[in-house]
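Construct all of the structure, not just a fragment, from the sequences and the given hints.
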Amino acid sequence: MRLAVDRIKCDGHGQCAELLPELIRLDDWGYPIIARADVPDHLVPMAQRAVAGCPVLALALQQRTG
Amino acid sequence: MKPNSTPLSKVSACSQGRFSGRVNTGAMNGNTQDRIRARDAAFRLLNRLTTGAAVGALAGVGVFGAVSASTIPGITTTSQSASTTTSTSTGTSTSTGLGSSSTPVNSASSGSGVVVSGGT
Amino acid sequence: MTRLLDGRDLTLGAEGLAEHVERLGPLPAAGPSFIDVLVRSGLSGRGGAAYPAGQKWRSVAAQSNGAAVVIVNGAEGEPRSLKDRLLMTKRPHLILDGASLAARAVRAKHVVLYIGEEHHAARESMARALAERKDEERRLVRTVAAPARYVAGASSAAVHLVDDGIATPTTAPPSAHERGVDGAPTLVQNVETLAQVALIARTGSSTGTLLVTVAGGVLRPGVLEIQAQTTVAAAVELAGGASEPPDAVLLGGYFGTWIRAANAWGLPLDHDTLQARGLSLGCGVIGVLPGSRCVVCEVAGIMRYLASESSAQCGPCFFGLRALADACTRIAERGTEHVDLQRLQRWSTEVSGRGACHHPDGAVMFLQSALTTFPDEFAGHRAHLRRSA
Amino acid sequence: MSDTLLWYTTRGAGAVSLVLLTAVIVLGILSALRVQAAGWPRFLTTGLHRNLALMTLVFLALHIVTAVVDPFTHLGWLTAVVPFSSSYRTFWLGLGTIAFELLLAIVVTSLARGYIGHAAWRLVHWLTYASWPIAVIHGIGTGTDTLSAWLLAITVTCVIAVVAAIGFRVTAGSRDPLKEPRTNFQAAAQRRETR
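Protein chains in written order, with the working numbering: chain L, 813 to 878; chain S, 128 to 247; chain P, 572 to 960; chain R, 171 to 365.
Just to be clear, a hint being listed does not mean it is correct.
What the hints assert, rightly or not - Computed Cβ-Cβ distance ranges for the label pairs, DEER-style: (1) P/A589 / R/D346: 54 to 62 Å; (2) L/D818 / R/T341: 23 to 31 Å; (3) L/P857 / R/D346: 24 to 32 Å; (4) L/V856 / R/A323: 44 to 52 Å; (5) L/A849 / P/L956: 35 to 43 Å; (6) R/A342 / P/L956: 54 to 62 Å; (7) P/Q634 / R/E350: 34 to 42 Å; (8) S/I163 / P/P745: 19 to 27 Å; (9) R/F338 / P/Q634: 49 to 57 Å.
Simulated from the structure, these hints should not be mistaken for laboratory data. Owing to the predicted nature of the structure, the values given are computational and were not obtained by experimental measurement. Where is the CB? At the ideal position from N, CA and C, for every residue including glycine.
Okay, structure coming up:
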């Protein structure tokens, strides 16, 4: 599975980094930096929680070929 | 510096003053391990607050029910035993033994411990 | 070999349809099969991305079910580039020929002339030329003004403007050739590319030439049509030579790369050859920075411009480019502090690739090429005694 | 179960639902304000908002079920679905049904947010600002002992909390740092009529 951010929808809430610190951190202006796009299996549930938790639905979890 | 040669930058390059950056001061910049611990602790807090609210709400039904019973003058009720204990029709016995979640439900609404910081 | 700017003298007005047909013959009847000719010609796009034109047409044609759209991109938002305007004002029928060929090849239902709103002469010239075309061609075409913003020329911004009247880039996928105007597959093609196509349709092979704009410290800045592989030195000579010994050349406009003048002279001007060396000719701007100008101050000025041209849709681009422009300006105005250089590196890696369009990537590539080409100038920069104009 | 116990449970559950709904609204506004503190990440506010919203529905269901099955007011199930269809206190009870159905729409669209998309969800979520006042008026109007001190006290507290939260939200303005620069850019990048 792969994490992808819709940069235009994203408005710097920062909840994704709070929910998935293993893969996401925030830059100096509060926007997510995806440290590693491909999500290891054990983190998929938490990644799904981060996707659902995004207040503007800017984060997506795609199949690897996505 | 001879000023006459044409610069490459667009002549009308806007030179309005400094751009003020908005620097994120959130707690998100700790290292990953700390942030993982913070997340897990926050989830535990979420669960505790939710259960506390549920218990408080159930207790509330009983308390408010009882209070409204005692304040209605002259309503003839078939069963006089308006119980003051917090047992309610849903049958789940909610002994008040749950000392730990002593904060009643409306504390959740006042968001104790929540400081509004917001962006600058 | 026929070239783009052959025919009447460029100081005269636009070449009319009659003279165009008399010189080059009528528009060849070419349908979808023409795409193979275009692929074989190896023509690369002249808008800045240098994407092979044949392949682009093929991908739009594959998705098109007769409802595709062709956008003739004459936005030319690159501040120092003049080539598209020259073509639109002097050889409009080459462009309209290319547009008709494209419309037929990808079975488009309409064509949009997307011309910079401030390029008045170009818009009038294209309107006059359009009036001379046959009815069944004219019926397909409408003209839209591209707002004078740097990102307005991006294909997704062009589609967005045509659809919703706002020239801001949109998130890809889907990209224009998959879902463009009204959701239809859309071919967004630069005017020079289409003009080249018009000649390829007649001769069967590429003209082998490209338009470049020589700008900055040269005696006769302007547009040149040069044979591919011509060196930068030769092009600068054709533009009257450097007005004073230059230190640096900016190749490819504001998304291009800085090269020390000494290393630039021998470079062959050709999209594919340059790309192989990790360089890009972009929209064909060759910027010669006179030796008397400080490259650091020049870079700071351009970074301020690129930061202000962010469409403010993505945080990393809007805030990141501002932070980079601020740091460059601090270095230019107050002299370098080590922390500034560190920040430039960190923010560059954090900003690049984190926008919905290529604006941040282009700006960071521009800055990084300056930092790697002129490390000493940046590391040791001191405030100028008298701020150069 | 004796009738009066049912009746008191209805009143108790109603009051609790009001308090919970108030908490949900305040938390929703705090989420929009991106409130954050040491040990209180932003997702905690949103998570609590979500949990309490579902809890509100549970206690609202208790409130409605006990009211409907209460022989004293013989409302019938229709009352809970069709507004103003009860004989008993028709108008005030009708408001309760409306508030309930608005809340249902809000919760359903929130659960289906992934499918309907953010824009549609946000549109429906604005109904909260209709559902809550209607619920408050329903509580005041239907309460047989409308002037009883305890219900009035709770209602007033809840109103103050929500009004304060809304006031804070309005004065704070949008928390999207790009809202203003984006609007400015779009004004400059818009299609103007070509001559």
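Checked hints:
{"no.": "1", "hint": "P/A589 / R/D346: 54 to 62 Å", "result": "56 Å, holds"}
{"no.": "2", "hint": "L/D818 / R/T341: 23 to 31 Å", "result": "30 Å, holds"}
{"no.": "3", "hint": "L/P857 / R/D346: 24 to 32 Å", "result": "29 Å, holds"}
{"no.": "4", "hint": "L/V856 / R/A323: 44 to 52 Å", "result": "48 Å, holds"}
{"no.": "5", "hint": "L/A849 / P/L956: 35 to 43 Å", "result": "49 Å, violated"}
{"no.": "6", "hint": "R/A342 / P/L956: 54 to 62 Å", "result": "47 Å, violated"}
{"no.": "7", "hint": "P/Q634 / R/E350: 34 to 42 Å", "result": "38 Å, holds"}
{"no.": "8", "hint": "S/I163 / P/P745: 19 to 27 Å", "result": "36 Å, violated"}
{"no.": "9", "hint": "R/F338 / P/Q634: 49 to 57 Å", "result": "50 Å, holds"}
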